[in-house]
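Q: Chain by chain, the residues run as shown.
There are 2 protein chains.
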Amino acid sequence: MARSLGRLFKGFQSPAFPKAMGAELCPATCVSVRTPFVRTILALPSAFSSKPQDFSLPNSSWGPEMLRLYNHYKSQCEVEVEGEEKQEGPWQRLPSYNRSLKFTPAADLCVLPSGGVYLSKTIQSKARLFTRNITDPGAAFEYVLFVNKEKQKCVGIFQTGHLLEGPPGHVHGGAIATMIDTVTGSHATVLSGPVMTANLNINYRSPIQLGHTVLIESSLDKMESRKTFISCKVTGTDGSKLYTEATALFLSISVSHLLGG
Amino acid sequence: MARSLGRLFKGFQSPAFPKAMGAELCPATCVSVRTPFVRTILALPSAFSSKPQDFSLPNSSWGPEMLRLYNHYKSQCEVEVEGEEKQEGPWQRLPSYNRSLKFTPAADLCVLPSGGVYLSKTIQSKARLFTRNITDPGAAFEYVLFVNKEKQKCVGIFQTGHLLEGPPGHVHGGAIATMIDTVTGSHATVLSGPVMTANLNINYRSPIQLGHTVLIESSLDKMESRKTFISCKVTGTDGSKLYTEATALFLSISVSHLLGG
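Chains as they are written, first to last, in the UniProt record's numbering: chain A, 1 to 261; chain B, 1 to 261.
If you're looking for bench data, these hints aren't it; they were derived computationally from the structure. Treat each hint with caution, since some may be false.
One copy or two, either will do: identical chains are not told apart, so a pair holds if it fits within one copy or between any two.
Below are the DSS-like pairs computed for lysine-lysine, each with C-alpha atoms no more than 30 Å apart in a straight line [to be verified]:
#: 1; residue 1: K51; residue 2: K241
#: 2; residue 1: K151; residue 2: K222
#: 3; residue 1: K233; residue 2: K126
#: 4; residue 1: K222; residue 2: K233
#: 5; residue 1: K151; residue 2: K86
#: 6; residue 1: K86; residue 2: K126
#: 7; residue 1: K51; residue 2: K233
#: 8; residue 1: K241; residue 2: K126
#: 9; residue 1: K222; residue 2: K51
Generate the whole structure from the sequences, applying the supplied hints.
A: So this is what it looks like as structure tokens:
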């Protein structure tokens, strides 16, 4: 099974991810229900039958603050050196798709080591990433992530749409947790490879209005054996207003663990 | 302003909620951006122009396990006493709508105490509760909550749709946080009236497959002054398999606080 999965992900060489990561992530397609919570925020484009849409690029729903922050970090993804071609800058934009993986129609890809069928084909073909499950631009989560490997930092720029309501006119606490999970989980994956979320500890300080743009900045606290500790703050776009802060713990997982071996 | 809000919510007398709660919750419609994270999971049906749809009733997407658990708790909402009419049982079903509040067109309802306009009318009219923002039955969150005031317990029965994907084939960590926030927040509101979420601390133990039904049971840990401490477990439908466990802290808020007074 590992071999056929390897073929499925052959050619996954997005510049935003280490080449090895694609190969390591693939077994998550067959993760047993007995394994811990497996994080694979990063998408696997080669598994799509056609070129997938990258949703972390600007669209007509993006407001001025969203665009300003996007351009701020985008401009630092490439740097000009006099007399030479542009070179990679300190930041990298992470692409974002609406599926972690499009399951192949081959039935054997969905058979667990225990022999059970993994998921019904209906669910497989319809499944969409929670943060990208609404197609109307601007209605739910609009976001883009940038990572700075040298500084071991990650930022997420989020514009909160009208379908994220909790308290009237404000973003639902679960939607805020989802944004935090997305940024810290992607950050941990870039730093440590395949991980699972083990803990999220979120302190809500102030409500976020619908339609607002917020900045989520995550930092690596420490790495100990299989553990990656990340913390983050959700602030206004100038960083002065604190909305939420959180810590997150991720556990590295091995291929054999993912396969239930 | 308080008076006009009072009129808006006059007649809110759902048996699932204390009568006083409707009146207390209404000022959240004008919560200042400077106030803390305000929780108003419980819907306010009288604010709707027509009778709103209660989404916590069975529909064609509900699977056998979802229906079985629903019927288990529903049967305990009324008890038969020999020779008498049916009486209220120990459990109560909480209705669930796709808006916390439908904003009135009156512009003055949206003016903050500071004088600023609260939200654009476009966002107001389109806003939908995060957990009910997808209309296709069974595609995202299907759920119903029951509360037992005597035992100070609340249960949520959730069926996880294909649009909640995080790890391939499994529910997103943010979607799990959203389910936990929904159950514990509703529980705290029933116990303490208007509250805000102050903290969510979530330990992920095992991934939840898309299409699965899970049971979330929350218990009151303690109440101290303005603080309501709730803990919960997310398990399989027979309670034996532990998927996630969490603690939550909610802060009671006053009407004047909500109004930024």
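Q: Next step is simple, just say for each hint if it's right about the structure.
A: Results of checking the hints against the structure:
no. : hint         : verdict
1   : K51 to K241  : neither (39 Å within a copy, 39 Å between copies)
2   : K151 to K222 : within (13 Å within a copy, 42 Å between copies)
3   : K233 to K126 : between (33 Å within a copy, 28 Å between copies)
4   : K222 to K233 : both (17 Å within a copy, 28 Å between copies)
5   : K151 to K86  : within (21 Å within a copy, 66 Å between copies)
6   : K86 to K126  : neither (41 Å within a copy, 44 Å between copies)
7   : K51 to K233  : neither (34 Å within a copy, 40 Å between copies)
8   : K241 to K126 : between (39 Å within a copy, 26 Å between copies)
9   : K222 to K51  : neither (36 Å within a copy, 53 Å between copies)
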